[in-house]
Amino acid sequence: GAVVSQHPSWVICKSGTSVKIECRSLDFQATTMFWYRQFPKQSLMLMATSNEGSKATYEQGVEKDKFLINHASLTLSTLTVTSAHPEDSSFYICSARPPSWSSRQPQHFGDGTRLSIL
Amino acid sequence: SQQGEEDPQALSIQEGENATMNCSYKTSINNLQWYRQNSGRGLVHLILIRSNEREKHSGRLRVTLDTSKKSSSLLITASRAADTASYFCATDSDSWGKLQFGAGTQVVVTP
Chain S
1 GAVVSQHPSW VICKSGTSVK IECRSLDFQA TTMFWYRQFP KQSLMLMATS
51 NEGSKATYEQ GVEKDKFLIN HASLTLSTLT VTSAHPEDSS FYICSARPPS
101 WSSRQPQHFG DGTRLSIL
Chain C
119 SQQGEEDPQA LSIQEGENAT MNCSYKTSIN NLQWYRQNSG RGLVHLILIR
169 SNEREKHSGR LRVTLDTSKK SSSLLITASR AADTASYFCA TDSDSWGKLQ
219 FGAGTQVVVT P
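In the order they appear, the protein sequences are chains S and C.
Counting in the numbering used here, the first sequence runs from 1 upward without gaps.
Counting in the numbering used here, the second sequence runs from 119 upward without gaps.
Calculated directly from the structure, the hints in this document are not laboratory data.
Possibly wrong hints are sitting among the right ones.
Below, a list of computed lysine-lysine pairs in the DSBU-like style, where the Cα atoms sit at most 35 Å apart [as the list claims (entries may be wrong)]: (1) S:K41 with C:K188; (2) C:K174 with S:K41; (3) C:K187 with S:K41; (4) S:K41 with S:K14; (5) S:K66 with C:K174; (6) S:K14 with C:K144; (7) S:K64 with C:K174; (8) S:K64 with S:K14; (9) C:K144 with S:K64.
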């Protein structure tokens, strides 16, 4: 089946650094990818919709300058957490929607990236 | 804001028992999906039920959808310790496929 790979799976870094998370669709082309954030013991919250070749669409309350999204190819979307602080520590999960997707099909999720800011 | 509300928040049962969890949502949907998440891991897709469907089965899983009440239920029959996980419902309400997740139900199955 379709696979979405997320890298890294776990990252620890110092406050103030920027962290890039990659989301790759391995065996299909994804025109649209989604980025979610999940705090411990909470649900997933949609952060933004990433469309290949165009600007991402951010959900209300998500800082565009804080969470930079780039979807430069049909198989790769990146989320960069800029100047990360401890409150940015969270579990970030991406999902991908193939071009032939319809509302009758599920999306494909990555395994997530656990980000810990010291 | 979250589209779906789930209950119960937590469920503790013994192996062999059935587990039922419910999800309510607010707006019209294209489909509703159920996912499982083991602690600290990614999401595993379980079942997708379209808005014109009322019931769907997959192995030990049974999902119902009542669009008039804007609610869905997930039944896990003959539960196993390996079913211990958090279960989320998610609704797809727009043409982009954005998912709005419920708060989740944490299920613990004891041997």
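Here's how the hints hold up against the structure:
1. Between K41 of chain S and K188 of chain C, the direct Cα distance comes to roughly 25 Å. Compliance with the 35 Å bound is thereby established for this hinted pair.
2. At roughly 28 Å between alpha-carbon atoms, K174 of chain C and K41 of chain S fall within 35 Å of each other, so this suggested pair holds.
3. Restraint check for K187 of chain C and K41 of chain S: the C-alpha separation of about 27 Å stays at or below 35 Å, so the hint holds.
4. At most 35 Å may separate the alpha-carbon atoms for a hinted pair to count; K41 of chain S and K14 of chain S meet this at roughly 24 Å.
5. About 41 Å separates the Cα atoms of K66 of chain S and K174 of chain C, which puts this hinted pair outside 35 Å; it is violated.
6. As the CA atoms of K14 of chain S and K144 of chain C are separated by approximately 40 Å, the hinted pair breaks the 35 Å bound.
7. At most 35 Å may separate the alpha-carbon atoms for a hinted pair to count; K64 of chain S and K174 of chain C exceed this at roughly 39 Å.
8. A distance of roughly 21 Å separates the Cα atoms of K64 of chain S and K14 of chain S; the hinted pair therefore holds under the 35 Å criterion.
9. With a CA separation close to 27 Å, the supplied pair K144 of chain C and K64 of chain S stays within the 35 Å bound.
Checked against the numbered hints given earlier, this structure breaks hints 5, 6, 7; the rest are met.
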